[in-house]
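From first to last, the protein sequence lines stand for chains D and L. Using my numbering, the first residue of the first sequence is number 1431, and each one after it goes up by one. Using my numbering, the first residue of the second sequence is number 113, and each one after it goes up by one.
Hints in this document: simulated from the structure, not taken from any laboratory. Where hints are given, some of them may not hold.
With a cut-off of at most 27 Å between alpha-carbon atoms, the simulated BS3-like pairs for lysine-lysine come out as follows [said to hold, decoys possible]:
#  : chain 1 : residue 1 : chain 2 : residue 2
1  : L       : K362      : L       : K395
2  : L       : K603      : L       : K540
3  : L       : K395      : L       : K406
4  : L       : K570      : L       : K602
5  : L       : K166      : L       : K540
6  : L       : K362      : L       : K403
7  : L       : K406      : D       : K1433
8  : L       : K603      : D       : K1433
9  : L       : K602      : D       : K1493
10 : L       : K362      : D       : K1493
11 : L       : K166      : D       : K1493
12 : D       : K1433     : D       : K1493
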Amino acid sequence: MRKGQVIAGVILLALGIFFCHQAIQLNLGQASRPGPGFVPFGLGSLLILLSFLYLVPVLRSPKREGKPQPSDGLIRTVLAVGILCFFSGVLSRLGYLLSTLLLFLLWLMLIERKKWPMAVGLASLALVFVYFFNLLFSIQLPRGILRGL
Amino acid sequence: MEQLTGLFYGFSIALTWQNLTYCLLGTLVGTLVGVLPGLGPAATVALLLPITFKLPPVSAIIMLAGIFYGAMYGGSTTSILLNIPGEAASVVTCIDGHQMALQGRAGPALAIAAIGSFIAGTIGIIALNFLAPPLADFAVQFGPPEYFALTLFGLFLAAYLASSSMVKGLIMVVLGLMLDEIGIDPIMGIPRFSYGVLPLQEGLDFVPLAMGLFGIAEILINTERAMKTQLVTKKIDRLFITLGDWAEAKWATLRGSFLGFFVGILPGGGAVIASLISYAVEKRVSRNPEKFGKGAIEGVAGPEAANNSAATGSFIPLLTLGIPGNATIAMIFAALLIHGVQPGPYLIKENPEIFWGVIASMYIGNGILLVLNLPLVGMWVQVLRVPYFILAPFILLLCIVGVYSTRNNIFDIWAMIFFGVVGYFFRKLEFEPGPLILAFVLGAISERAFRQSLLMSKGSPLIFFSRPISCALMVILLALVALQVFFMVKKKTKGLDQFRGAG
Chain D
1431 MRKGQVIAGV
1441 ILLALGIFFC
1451 HQAIQLNLGQ
1461 ASRPGPGFVP
1471 FGLGSLLILL
1481 SFLYLVPVLR
1491 SPKREGKPQP
1501 SDGLIRTVLA
1511 VGILCFFSGV
1521 LSRLGYLLST
1531 LLLFLLWLML
1541 IERKKWPMAV
1551 GLASLALVFV
1561 YFFNLLFSIQ
1571 LPRGILRGL
Chain L
113 MEQLTGLFYG
123 FSIALTWQNL
133 TYCLLGTLVG
143 TLVGVLPGLG
153 PAATVALLLP
163 ITFKLPPVSA
173 IIMLAGIFYG
183 AMYGGSTTSI
193 LLNIPGEAAS
203 VVTCIDGHQM
213 ALQGRAGPAL
223 AIAAIGSFIA
233 GTIGIIALNF
243 LAPPLADFAV
253 QFGPPEYFAL
263 TLFGLFLAAY
273 LASSSMVKGL
283 IMVVLGLMLD
293 EIGIDPIMGI
303 PRFSYGVLPL
313 QEGLDFVPLA
323 MGLFGIAEIL
333 INTERAMKTQ
343 LVTKKIDRLF
353 ITLGDWAEAK
363 WATLRGSFLG
373 FFVGILPGGG
383 AVIASLISYA
393 VEKRVSRNPE
403 KFGKGAIEGV
413 AGPEAANNSA
423 ATGSFIPLLT
433 LGIPGNATIA
443 MIFAALLIHG
453 VQPGPYLIKE
463 NPEIFWGVIA
473 SMYIGNGILL
483 VLNLPLVGMW
493 VQVLRVPYFI
503 LAPFILLLCI
513 VGVYSTRNNI
523 FDIWAMIFFG
533 VVGYFFRKLE
543 FEPGPLILAF
553 VLGAISERAF
563 RQSLLMSKGS
573 PLIFFSRPIS
583 CALMVILLAL
593 VALQVFFMVK
603 KKTKGLDQFR
613 GAG
């Protein structure tokens, strides 16, 4: 937790500095005529101050933790993000029907560790759901290789 | 009389079959998300936002509002029966509600939660009905300094009340305001922070941000925990309260109703805080405070009344000032903007059908909810039996379809996944996403008002102290900041003294 808090604090600090730098490039203007970088510069400065206020007590707190082991839960989360990225990557090419099928199969078999008959059953249900949802609300989801259908 | 005429007009809109259907749908979905742990009203409103694009604005807002106040009703069922809060505003209901259930009094606990919610909801709607129009008239006088002071005050309160740590809350507010900076500068028309990425030039879209931070992050957290819903095996009998129960609970219900309404009006306030305060008040005023935590009916009645009237009260700043006070209301604010409706003091004159239609629908929705939550409680218990591994991929699918349909752009799905991962880390590090969403929505109003005020005063920040309303808000804000700094320093000195003493 402490390590995570330190990393978060450093990222916030870096973001604040980056925002200030970019705001200066945008032109700060003057108080009587604030430019497009005026407010972003103020926000960046505020984030730098807040990151310090966040980081200092974290750094002062005693180190208690040992080396964390990657848990099963964390692996599931990484897999979930991977499946989502895969879905977004293939959506345009494969179309929404095949992508939905793959999303459900991968999710249920890899993350939930369900057997294939149940995964196929639920994925088929999802296909029916997304097809009628698409029709009902006239959503233009990409059809991909199934464009002719 | 204007209020009564308006209300009759509102009923003529809310009672059309189409709006009645959307009201029923909203309250039904609201109760469902309230019952299901792991999906709050903010995430659901974000999820269903794209579906409402094809609806007339009044029907869309009637449905989304129904989800919000419906979730307040449904949350108590899960808290009482499973000791798991269905949504955040029902956390305190677990304490005494579940104890009552363990003592075989699940029926009266569910009944007082539903009846208390109905009474509080009705009191809240009547207050909204009669207070909103004069407040809107008053708000017409507001200029940029007042709007800036008000948004700043709201954001500070959101950071102060919604988070366990003030610094974390403020970080979330600043991040939300920063994200809002992406896109075209509102005064000079220059692109900022878009780096040539076309979808970013129009500004970051609200829907992927909200769905990522609430919907996807929630699923990632639950996936990590391998969340399982427990089967409910207990049979619930006697779904009514006795006169004795009512005698014990009536004052708690009334106190909760009024307290919740006023906490709901506060920018940054809302149902969660209202229910927590109500529980603390009930425990303090009770003649038998030792009963609390062991199945006190007042401990269910007060907070349940408070969270319902707070949900209604939080519509006041939205409808009269155009300023959302919490994350769910911020989603409804976004829905109004997407439909081309500007919430604020002119809403009542320019879009009376929305203003009065939504208020009238709340009276109807409140009645529907009483039926949905008392005689049909058995149906919601069955819903709790649906395993989470089935729900999770369906919620994911809804998020993806919803985000894509907003702008027909794959970029938004990537943005949603990105914010989902960011939201996951926020949860792990205990950063509350509510203030970020609120800041993102209020950012544009706030920056425009701030820069216009400085242009008006030729760069003098004293303009915020030279007008009575903005001055009063700024003074309260500065006093709150000073108080917070004082407590922080005092806490630190106390710690140092203890350290020295130990040494």
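Tested hints:
1. K362(L) <-> K395(L): The given pair, whose Cα atoms are some 15 Å apart, holds under the 27 Å limit.
2. K603(L) <-> K540(L): With a Cα-Cα distance of about 26 Å, the restraint between K603(L) and K540(L) holds, given a limit of 27 Å.
3. K395(L) <-> K406(L): Measuring from Cα to Cα gives roughly 12 Å; hence the hint holds.
4. K570(L) <-> K602(L): Violated: K570(L) and K602(L) sit about 39 Å apart, past 27 Å.
5. K166(L) <-> K540(L): Roughly 37 Å separates the two Cα atoms, so the pair is violated.
6. K362(L) <-> K403(L): Within the cut-off at roughly 17 Å; holds.
7. K406(L) <-> K1433(D): Not OK: K406(L) and K1433(D) at ~40 Å, beyond 27 Å, violated.
8. K603(L) <-> K1433(D): holds (25 Å)
9. K602(L) <-> K1493(D): OK: K602(L) and K1493(D) at ~25 Å, within 27 Å.
10. K362(L) <-> K1493(D): Cα-Cα ~51 Å, so violated.
11. K166(L) <-> K1493(D): violated (54 Å)
12. K1433(D) <-> K1493(D): holds (9 Å)
Consistency note: the structure conflicts with the earlier hints numbered 4, 5, 7, 10 and 11.
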